[in-house]
Structures are given as C-alpha cells and as structure tokens.
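Protein chains in written order, with this note's numbering: chain U, 1 to 561; chain A, 1 to 593.
Do not rely on the hints blindly, as some may be mistaken.
Cut-off 20 Å, straight-line C-alpha distance, at most; resulting in silico cross-link-like pairs (DMTMM-like, lysine to aspartate or glutamate) [to be verified]:
no., chain 1, residue 1, chain 2, residue 2
1, U, LYS102, A, GLU232
2, A, LYS201, U, ASP90
3, A, LYS146, U, GLU195
4, U, LYS372, U, ASP345
5, U, LYS102, U, GLU318
6, A, LYS522, A, GLU584
7, A, LYS468, A, GLU440
8, A, LYS522, U, ASP90
9, A, LYS146, U, GLU191
10, A, LYS146, U, GLU188
Restraint-style ranges between C-beta atoms, simulated for each label pair [as the list claims (entries may be wrong)]:
no., chain 1, residue 1, chain 2, residue 2, range
11, A, HIS483, U, GLU512, 41 to 47 Å
12, A, ALA203, U, LEU451, 28 to 34 Å
13, A, GLY362, U, GLY543, 55 to 61 Å
14, U, ARG110, A, HIS483, 19 to 25 Å
15, A, GLY131, U, ARG221, 22 to 28 Å
16, A, PRO451, U, ASP345, 33 to 39 Å
17, U, THR71, A, ARG32, 44 to 50 Å
Hints were generated in silico from the structure; no laboratory data involved.
Every residue gets a Cβ at the ideal spot worked out from N, C-alpha and C, and that includes glycine.
So you can see what is in the structure, the chains are spelled out below.
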Amino acid sequence: MTRPVTGRRVLWRAVTRNRRRLGAGTGLISLHQVCESLVPILIGVIVDQAIGPGDGGALLLWVAAMAALFTALTMCYRFGARQLMIAIADEAHTLRVEVASKILHPRGIRTDRRAGDLLTVAVNDTDNTSYLLDYVPRVAGAVTATAVSAVALLVIDVQLGLAVLIGTPVVLVALQAATPLITRRVAEQQELAGEATSLAANVVSGVRPLRGIGAEGAAARRYDEVSRRSLRAALRAARTQGGYLSASMSSGALLACGVAILAGWFALNGRITVGELITVIGLAQFLMEPIGLLAVVPGWVAEARASADRVAGVLDAEPLLPEGTEEVAGPSGLELRTLRYGPLDGVDLRVRPGEFVGVVPHRAADGEALVKILSGQVAPEEYEGGVLVGGAHLSRLAPADARRVMLVEPHLTDLFTGTVEENVTAGGPLDEAALEASAAGQVVSAHPDGLAHLVAERGASLSGGQRQRLALARALMARPPILVMHDPTTAVDAVTEHEIARGLRALRGTGELTTVVVTSSPALLAMTDRVVVLDGGRVTAEGTHADLAVTDDDYNRAVLR
Amino acid sequence: MTASDQTTGPERLPVADARRTWAWLRAELRGRWRAGALAVLVGAVGAAASVVPVYALGRLVDLVTEQAPGSAIVPVAAVILVGALVGGLAAGPGTYLISRLCEQMLADLRESTVARALSLPVTTLERVGKGDLLSRVSTDTAAIGKAASNVMPTMISAFLLVVVSVAAMAGLDWRLGLAGAVAIPLYVMALRWYLPRAAPKYAEERRAVADNSQLLVESMQGVRTVHAYRLEQRRLHGIGNASHEVRDISVSVFTLFTRFVGRVNRSEFFGLAAILVTGFLLVRQGHVTVGESAAAAVLFHRLFNPIGMLLFTFDEVQAAAASLARLVGVIDLAPAEEPRDGTGEPADASLELADVHFRYDGAPEVLHGVSISLPAGSRVALVGSTGAGKSTIAAIAAGILTPGSGSVRVGGAALPPGSLREHVAIITQEVHVFAGPLIEDLRLARPDASPQEAAAALAAVGALDWAKDLPDGLGTVVGEGGHELTTAQVQQLALARLILADPPIAILDEATAEAGSLGARKLEESAVAATRGRTTLIVAHRLTQAASADRVVVLEHGRIVEEGGHRELVAAGGRYAELWRAWEARTPTSSSR
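Please build the complete structure, drawing on both the sequences and the hints.
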C-alpha cells in the first residue's frame with residue numbers, strides 16, 4: 001500500500017490519466033468560446049461596415065467571414081466535446097471497474113456502508129467524479145471567453161470595459177447568495193418526490209395483501225397525503241426559483257441595459273461608433289453566460305469532490321480478511337476450538353473428514369454467528385478461539401484457498417441473472433445426480449426451456465422453494481471437500497424435504513466428503529451421522545438424531561414439526 | 001373513449017393512444033383554464049417587456065446615426081430600463097405559474113393512477129403481473145415529475161420568448177420577421193434528423209446502463225455467494241464488459257448529439273445571415289433604419305440560447321409524453337366491476353359457499369361445484385394436495401375472485417364481491433411490509449388505531465416483544481431501506497393487521513408456510529390468536545392446523561372428497577387419514593405432541 005487514496009487524489013488521477021484528451025478537448029472548447037464571443041462583435045462590424053454605409057462588397061466579405069466563424073465554432077465544439085466525452089466515459093468506466101473489483105475482492109472490504117450505498121458509489125459517484133473532466137474545459141472556455149470579450153470591450157472604450165468587467169461579477173456574486181436556499185428547496189422537493197415514488201411502488205407491490213384486508217382505500221389516502229406534501233414542496237421550490245429568476249433576470253437585464261445606455265451616451269457624443277455600440281450591447285449580453293458559469297462551477301466541483309471522496313472511501317478501505325500465508329494440507333476435517341464471537345461462548349466442535357454432522361442451534365443467532373465466521377465474513381481479530389480447516393487455521397489461509405476447500409452456501413440464496421444451468425454450474429460441471437439429489441430436477445422440468453430457462457434478476461421469477469433447490473444443486477455440483485449449509489430447506493414442502501435429505505445422504509454421506517448442516521429440520525437431521533446441539537453459545541448435547549430424539553426432551557421440542 | 005392496447009402484447013397494461021392522451025390533457029387544462037390563461041398572460045407580458053429594450057436600442061442606434069444631441073438618450077433610456085425591469089421581474093412569476101399548473105396536474109395524475117392501480121380487479125393484476133404497473137406508478141410518474149419541474153417551465157418561457165421575438169422582428173418590418181423565420185424550417189429539419197436517430201440510441205443506452213447496474217446490484221447483494229463460489233473474476237469480467245458497453249454507447253450517443261449541435265449552429269448562421277442581408281437591402285431601399293436592422297439581428301442572437309434549450313430538451317418532453325400515455329392507459333382501465341345483484345344484510349358471521357364452479361380465463365374448470373358451510377365463529381380447515389383448488393376457494397370466499405356459478409353468502413345474504421370484502425379478510429402467502437414506521441404499517445388496517453391498540457394487536461400475535469426491541473420501537477422504519485424484518489415477523493405483522501381490521505370472517509391461505517419449523521409453530525399460535533372469535537377458513541399446509549380445527553374439508557381435483565372432524569376422519573381411514581399418517585411420520589417421536 002502506497003499513499004492513501006483520497007478524494008483529491010481520485011480527482012487528480014482522473015485529470016492525469018486522461019491528460020491527452022482533456023488537453024485537446026479543453027483547447028478546442030476554449031477556441032469554441034472565443035468563436036462564440038466573436039459573434040456579437042461580428043454583428044456590430046457588419047452593421048458598422050456594411051449596413052450603415054450600404055456597402056455590398058463589405059457585406060459579402062463579412063458574411064463570408066461569419067460563415068467561416070460559424071464553421072470554426074461548430075468544428076471546435078464537435079471535435080473538442082467528443083474528445084472530452086471519450087475521456088469522461090473512459091474515466092467513469094475505469095472507476096466503475098476499480099470500485100467493483102474492490103467490493104468483490106476475495107478478501108472482502110471493511111466498510112460501514114450497506115450494499116445499497118456501495119451500489120450508489122459504484123454507479124452514481126463514479127459518474128459524478130468523471131464529470132470533473134467536463135468542468136475543467138468549461139472553466140477554461142469561460143475564462144477564455146471572458147478574456148476575449150474583456151479585451152474587445154477595453155479596446156472599444158476603457159470605461160465601458162471596466163463597467164462590464166466589474167459590474168457583471170458583482171451582480172453574479174450577489175445572486176450567489178440565494179443558491180444555498182435554492183439548493184435546499186430543490187433537495188427537499190426531490191426528496192419528497194422520491195418518497196412519493198417509492199411509496200407508490202411500495203403500496204402497489206403490496207396490492208394483493210392490501211385488498212385482502214380491505215385496506216386499499218387507506219393506502220391510497222396515505223399516498224395522497226405524501227403526494228400533496230410533495231406538491232407543496234415542489235411549489236415552494238418553484239416559488240424560490242421564480243424569485244431567484246426574477247432577481248437574476250432583472251439585475252442582469254438592468255446591467256446589460258445600463259451598459260448599453262452608457263455606450264449609447266458615448267456614441268451620441270461621438271466617443272464610439274455605431275458598430276462599436278452594437279458590439280458592446282451584444283457583448284454585455286453575451287458575457288452573462290461565461291461569468292455565470294464561473295459562478296456556479298465551484299458548486300459542481302464540490303459535488304464531484306464529494307463523490308470522489310466516497311469513491312476514495314471504498315478504494316482505500318482495508319480488506320476484511322488477511323492475505324493468508326498457509327495452505328490447506330491435511331484431510332478435510334473441520335474443528336472449532338473454544339470459539340467465542342457474538343453469542344458464541346466457547347464452542348468446541350470437531351467434524352472428522354467424511355463425516356455428515358447436523359448442528360441444531362436452540363437460538364437462531366448461534367447458528368447465524370457460526371455460519372458467518374465459516375463463510376469469511378468476520379475478521380480474525382473479531383473472534384476468539386480457533387477455526388481449523390483441514391488442519392490449518394482459517395485466519396492463516398488465503399480466503400480463496402479456504403473457500404476452495406470449504407463451501408458455505410448462505411441461507412438467503414442469491415441466484416444471478418442467466419439460465420438455470422449457468423446458475424447451478426457456478427461451482428462445478430453439470431451433474432445430473434446433484435440435480436436429482438437437491439430435487440432441483442423438478443424445478444428444471446417445471447419449465448419448458450428446462451436448463452435453458454432464464455432466471456430473472458435475483459431469482460425473482462422463482463418461488464422461494466425453487467430458489468433454495470437450485471442453490472442446493474449448485475452447492476452439490478461444486479463438490480467441495482467440506483460443505484456447510486444453513487437451513488437449506490425452509491421453503492420446500494415436507495415431501496420434497498425428505499427427498500432432499502435422502503439425496504444429500506446419498507451424495508455426501510460416503511467417502512471423504514465432509515458435510516455440516518445447521519438446521520432444526522428433523523428430515524435432514526435424521527440423515528446425519530451425528531448431531532451437535534448448541535445452546536447459550538455452547539455445545540450442550542451430542543449424539544445421533546435417533547438417540548437424542550428418544551432421550552432429550554429439549555431436543556425434541558427444538559426439532560419437532 | 002377507451003385506451004387502445006393494440007400496440008402492446010397481451011401481457012401488458014394498455015397505453016393510451018396520442019388522441020386519447022391529448023384529450024386527457026385538454027380536459028385537464030379546460031378544468032384549469034383560468035390558471036392556464038393567467039400563466040400564459042404573465043409569461044407573454046414578461047417576454048414582450050424583455051423585447052422592448054432591444055427595440056429601444058435600435059432606436060438608440062438610429063439616434064446615433066442621425067447624430068442627435070446627447071439629451072435624446074433620456075426617453076430611450078427610460079423605456080429601456082422600464083422594459084428591462086418589467087421583463088426581468090415578470091420572468092419569475094411567469095415560470096412559477098407554469099410550474100404550479102404542471103405540478104398540480106401531475107399531483108392529480110399520480111394520485112388517480114395509484115388509486116386506480118390499487119383498485120384494479122385481481123384478475124387483471126394477475127394477467128399483467130405487477131412489474132408493468134410498478135414501473136408506471138414509479139418510473140413514469142418520476143419521469144413526468146422531472147419534466148414538470150425542470151423542463152416545462154423553462155421550455156414554455158423559451159417558447160413564448162421565441163414567439164414574441166419573431167413577432168417583434170416582423171413588427172420592425174415584415175420582411176425582417178420573414179428573414180428570421182428562415183431559420184425555423186432549418187431547426188425543424190435538424191430536430192427531425194436527430195430525434196429518430198437518437199431515440200433508439202437512448203433506449204440502447206438506458207438498457208446498457210440498466211444491465212450494468214443489474215450486474216453490480218446482483219454481485220454486491222450476492223457478494224457472499226460470489227465469494228463462496230469464487231466467482232469474483234467471472235463477475236468482474238461481466239461487469240467490465242457491461243461497463244465498457246455503457247462507455248461505448250454513451251460516446252456514440254454523444255457523437256450523434258454533437259452532429260445535431262452542428263446542424264443547429266448551421267441554422268443559427270443562416271437565420272442571422274438572412275436577417276443581416278435583408279436588413280442591408282431594406283436599409284438601402286429606405287424601408288428600415290440601420291438601428292431597426294441591428295435590433296433584429298440582436299433579437300435573433302439573443303434567441304440562440306432559448307432555441308437551443310427548446311431543441312435539446314425536446315426528447316425529454318417526448319419521453320414525458322410517452323410516460324403520460326402510459327399513465328392515462330392505467331387511469332382508463334375499468335375498476336373492478338360491481339354487480340348490484342346482492343341483496344340483504346348479513347344476519348350473522350356465518351359463511352356459506354354453495355355449488356361454486358370456477359375457471360380462470362380460457363382454462364379448464366378448476367372447481368366443480370364446491371359447497372362449504374362455516375357456522376358463525378367456527379374454524380374450518382381446507383386440506384388437499386397442491387393444485388386441488390384450495391387457494392381458488394379461499395379467493396372466492398374472500399370476494400377476490402367471482403365464482404363462475406354458485407353463490408357466496410354471509411349470514412344468509414348473497415353479497416356482491418365489493419361488500420363481501422367488507423365482511424371477509426384474507427391473508428395469503430404473499431406477505432408484504434409497507435415501508436415506513438411499523439405503526440403506520442399496522443394503521444393501514446385501521447387508520448385511526450391508537451398506539452395502545454396497535455401494541456395490543458402485536459401482543460396478541462406474540463410480536464410485541466421483538467417490536468419493542470426494535471431501535472425506535474413501534475416508530476422504527478421497517479421494510480425497504482429500513483429495518484429488515486424476518487419472514488416470520490412479516491407474517492406476524494400481517495396477522496396483527498388482521499386483528500386491527502377486525503373482520504367477522506377471516507381466511508388464512510398458507511399464511512404460515514414459509515417459516516422454518518421453529519417459526520411455523522409460533523406462527524400457528526399467532527394465527528389462532530388473530531382469528532379468535534372470527535369465523536375462520538384455513539387453507540392448511542401443516543396438518544397440525546387441521547387437527548385443531550372444528551371441521552376438516554378435504555379437497556381433491558376441485559371436488560370435496562371428505563368432510564368431518566379430525567378424529568372422525570382419521571378413524572375413517574380415507575384420504576385424510578393417509579395425509580395425516582404421512583404428516584406424523586415426519587416428526588421424530590409422535591408421542592411428544
């Protein structure tokens with residue numbers, strides 16, 4: 001690890017690694033702004049040189065010059081803006097991939113942010129950071145346009161030039177005083193609009209339960225309330241913006257007109273020509289734009305900076321798990337030595353290679369804590385005691401190596417968009433036996449497309465039971481030396497659960513394959529070699545399912561259906 | 001006037017056609033014509049006032065050309081300043097009035113869309129699925145909202161300024177106005193060149209962005225699975241490809257846009273050149289003064305930005321119009337039909353289904369004459385294998401589906417589905433948390449419920465303990481974006497809502513199916529508590545529920561095959577006895593119950 005990644009550094013990197021396109025684009029955009037500021041000057045010249053004196057030759061010449069100017073203007077924009085767009089898109093892409101690889105890194109990431117926040121960083125903040133590459137040329141262009149106009153004004157008349165160059169920033173800075181209020185009102189409006197939108201989505205997705213208890217009217221009324229609040233916020237924001245618009249339009253117009261009147265006075269007194277008068281009028285109007293931009297850009301840059309800070313926060317986050325120095329060497333057993341973490345209060349457990357063990361937690365939290373540690377979601381310093389996988393300490397193994405030996409299939413199943421086959425073969429080649437053992441064959445045959453059936457986002461098109469069976473098939477096809485499952489059959493009916501239990505036994509119950517299932521399902525427990533009962537964070541009973549069922553009333557109550 | 005659904009497949013909600021959308025918009029505007037007229041009036045006055053200074057500046061140029069004395073500036077300056085001030089000051093109220101009109105129409109629109117979405121017949125919902133409806137009430141409403149607050153006011157102001165400016169040019173001399181109007185067909189051609197090319201590219205861009213975020217969402221929410229199967233590289237490879245596609249499409253969309261800007265610049269040039277050349281000719285012939293032709297040129301130059309704004313946001317307005325058509329399509333849907341053939345008031349809380357037949361649209365009949373009678377306060381369990389028609393009976397009894405033939409009577413009265421639903425509540429396996437404070441979720445069932453009543457309902461279903469332990473107690477924000485509840489907690493919440501809704505008749509359709517064995521037993525107790533004192537029909541997935549019912553009805557293939565008390569049926573040795581034996585075999589020791 002070299003220097004820490006900060007927001008400033010993320011922005012600086014964006015500039016330096018795109019410097020060629022950024023440089024070319026900024027140059028061209030500045031030229032474009034110069035051309036824009038020459039338009040009002042040229043109008044003045046044409047009136048002065050051609051229309052006033054009625055000189056047809058001059059008209060032809062200057063209109064041709066204007067054609068050339070517009071050609072240059074449009075070309076500069078076209079090629080400059082494209083260079084910049086490529087730079088922005090490249091930077092956003094690079095940042096997205098950087099953030100994603102950091103978040104998905106096998107060693108995990110230490111962060112307080114939830115999945116939703118991380119997604120915002122990966123999608124929105126990377127984009128916002130890349131927009132810096134849009135602001136740089138805009139500032140350069142605005143500065144150039146202001147400079148060109150200033151020179152033109154000063155050449156025409158020093159006093160007029162100074163009046164414009166001092167008056168415009170003063171007006172714009174004064175108007176800036178209102179922006180925090182506008183920002184707040186608009187943020188309020190957007191927040192309430194967002195609230196209304198998500199409430200609408202929320203009640204409509206619950207429409208059937210609502211109608212079930214006759215509450216659709218109450219839900220519609222609740223939505224109306226939020227909608228009205230959102231309307232009031234929108235109107236407040238519109239009023240504020242309207243007030244600002246009045247202030248900015250009238251002060252801007254008064255400034256431009258004041259300058260024009262002053263210029264008219266000078267023209268009447270013969271200090272400047274008619275053409276110069278028109279140029280001054282045009283420039284005073286035109287200058288509002290670049291100077292106005294310069295006034296708002298700091299706000300934009302601050303936003304990009306805030307996004308860059310969040311991106312840096314992710315890129316700079318420490319990994320959760322150590323790199324790992326040892327390799328799994330021994331046979332695939334699993335051992336817990338006085339493990340203390342959260343509710344776990346000294347768990348001792350030894351699973352021999354090839355054994356099929358059930359773990360029955362009396363308190364759900366015990367089972368969850370255990371699975372959390374095994375799946376590598378807990379940093380080694382957060383727990384006490386030891387976890388040995390194939391004889392090696394989990395904390396000293398490379399996370400990927402540990403997971404190659406020990407697969408922990410989470411209870412809340414995650415399927416990914418793609419075909420059923422792509423999902424179940426995530427860990428190993430397609431295996432009919434595994435498909436049957438997990439009763440996923442029924443899921444496959446329930447759809448005409450079979451294995452090619454498309455799973456929608458996060459498996460939303462499947463029922464909970466179907467998702468569980470596909471996840472189980474996936475775990476079995478991976479054929480890990482150690483397989484840990486957590487309540488794998490809670491959403492399937494009892495008959496299927498029995499089939500699965502038998503299938504699991506047939507597939508994992510023989511040879512060197514080690515299996516641990518954390519569950520209170522009697523169907524699954526009946527197939528285990530041995531059952532370990534956890535209560536109060538410790539192992540309180542051990543034995544075969546059949547023995548415990550006869551001798552232990554507590555056990556019976558826990559696993560009773 | 002009805003919405004046309006020719007453009008969409010059978011699985012989608014209808015989209016209103018252009019004529020119907022316009023008709024809706026016209027009707028809305030007609031209802032608000034005063035507000036609309038005022039907005040346009042204020043906007044037009046503002047635009048006109050802002051044109052006055054340019055006019056006067058033309059006069060100033062002429063004064064200079066005529067070499068008038070310095071004092072001649074005074075009246076011109078007064079006109080300029082008054083015009084600038086009025087024009088500037090009117091700009092705010094003008095856009096505010098337009099915003100207000102748009103926002104109020106939008107609020108009414110989204111409220112009636114949601115209200116209609118919530119009252120759609122369940123059969124319609126089942127046919128189209130929720131996805132389409134959801135995207136309309138959320139994405140489309142948000143798209144119109146954005147257009148209403150960001151685009152429409154500036155767009156209408158810009159439009160008024162363009163109209164007034166062209167009129168002002170024509171006022172100087174009709175030929176100057178005509179010269180300025182030369183640019184209009186060029187602008188239109190640029191737009192017609194751009195829009196059809198841009199629309200598919202924008203759609204492609206949206207799709208690419210959505211694909212990329214979907215990959216990111218899945219990978220991040222499923223990070224445990226990604227790690228467990230060591231899918232990191234595979235997922236990153238996919239994300240990288242999708243992200244690169246976004247990059248490519250964004251660049252190509254923008255390249256197209258720069259070519260559009262080039263065409264707009266070209267139109268600006270031709271308009272400006274036409275005005276200057278016309279001005280030149282008219283000045284030479286003595287029709288207009290130098291100042292007037294200069295004013296026309298400045299007026300036109302001032303329009304570059306408003307016209308650009310009109311052109312560059314045109315596609316947003318188009319998108320908003322498409323969204324509007326989709327919302328009007330929902331509003332035009334028929335609400336659930338209410339046959340008024342029901343008569344009489346229920347005498348008590350008994351429920352009777354008599355000879356009920358049912359088929360789903362175009363499918364074979366699933367219920368072949370089912371009759372079930374629940375005396376007031378009794379508890380009947382419906383048992384049978386998957387696909388026997390249990391859920392269909394539950395939905396018919398609850399007034400959610402209308403039977404093909406046969407009747408549903410409450411307390412002896414045959415009620416239409418609408419009033420049937422006032423007496424019967426149903427909880428299905430589809431559970432839902434309404435995002436917001438927990439107590440507000442409960443209050444959906446009874447809006448005026450006091451905190452004590454809500455707490456009592458939670459206590460009755462055994463949920464008060466965990467509810468009190470939430471970070472903010474009953475005020476804790478639950479559901480999406482808030483505190484995540486477990487499946488069992490969500491189901492308890494549904495049962496607590498049932499208590500608050502307090503219907504005389506309750507139907508539970510596998511309300512306890514999706515919990516682990518520990519949770520299921522607790523939920524069964526909660527369900528018993530929630531239905532105490534109510535006439536209850538339970539679709540029993542777990543046979544312990546059937547064992548505790550007053551009577552068991554066994555359904556197979558849409559027909560009742562057995563009916564009677566639990567002991568009686570077990571002793572009879574029929575289908576139920578068979579099911580019961582299989583159920584009992586699942587528990588480790590049958591003695592410990």
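Hint check:
no.: 1; hint: U:LYS102 to A:GLU232; in the structure: holds, 10 Å
no.: 2; hint: A:LYS201 to U:ASP90; in the structure: holds, 19 Å
no.: 3; hint: A:LYS146 to U:GLU195; in the structure: holds, 14 Å
no.: 4; hint: U:LYS372 to U:ASP345; in the structure: holds, 15 Å
no.: 5; hint: U:LYS102 to U:GLU318; in the structure: holds, 10 Å
no.: 6; hint: A:LYS522 to A:GLU584; in the structure: holds, 19 Å
no.: 7; hint: A:LYS468 to A:GLU440; in the structure: holds, 15 Å
no.: 8; hint: A:LYS522 to U:ASP90; in the structure: violated, 55 Å
no.: 9; hint: A:LYS146 to U:GLU191; in the structure: holds, 12 Å
no.: 10; hint: A:LYS146 to U:GLU188; in the structure: holds, 14 Å
no.: 11; hint: A:HIS483 to U:GLU512: 41 to 47 Å; in the structure: holds, 44 Å
no.: 12; hint: A:ALA203 to U:LEU451: 28 to 34 Å; in the structure: holds, 31 Å
no.: 13; hint: A:GLY362 to U:GLY543: 55 to 61 Å; in the structure: holds, 57 Å
no.: 14; hint: U:ARG110 to A:HIS483: 19 to 25 Å; in the structure: holds, 23 Å
no.: 15; hint: A:GLY131 to U:ARG221: 22 to 28 Å; in the structure: holds, 25 Å
no.: 16; hint: A:PRO451 to U:ASP345: 33 to 39 Å; in the structure: holds, 37 Å
no.: 17; hint: U:THR71 to A:ARG32: 44 to 50 Å; in the structure: holds, 47 Å
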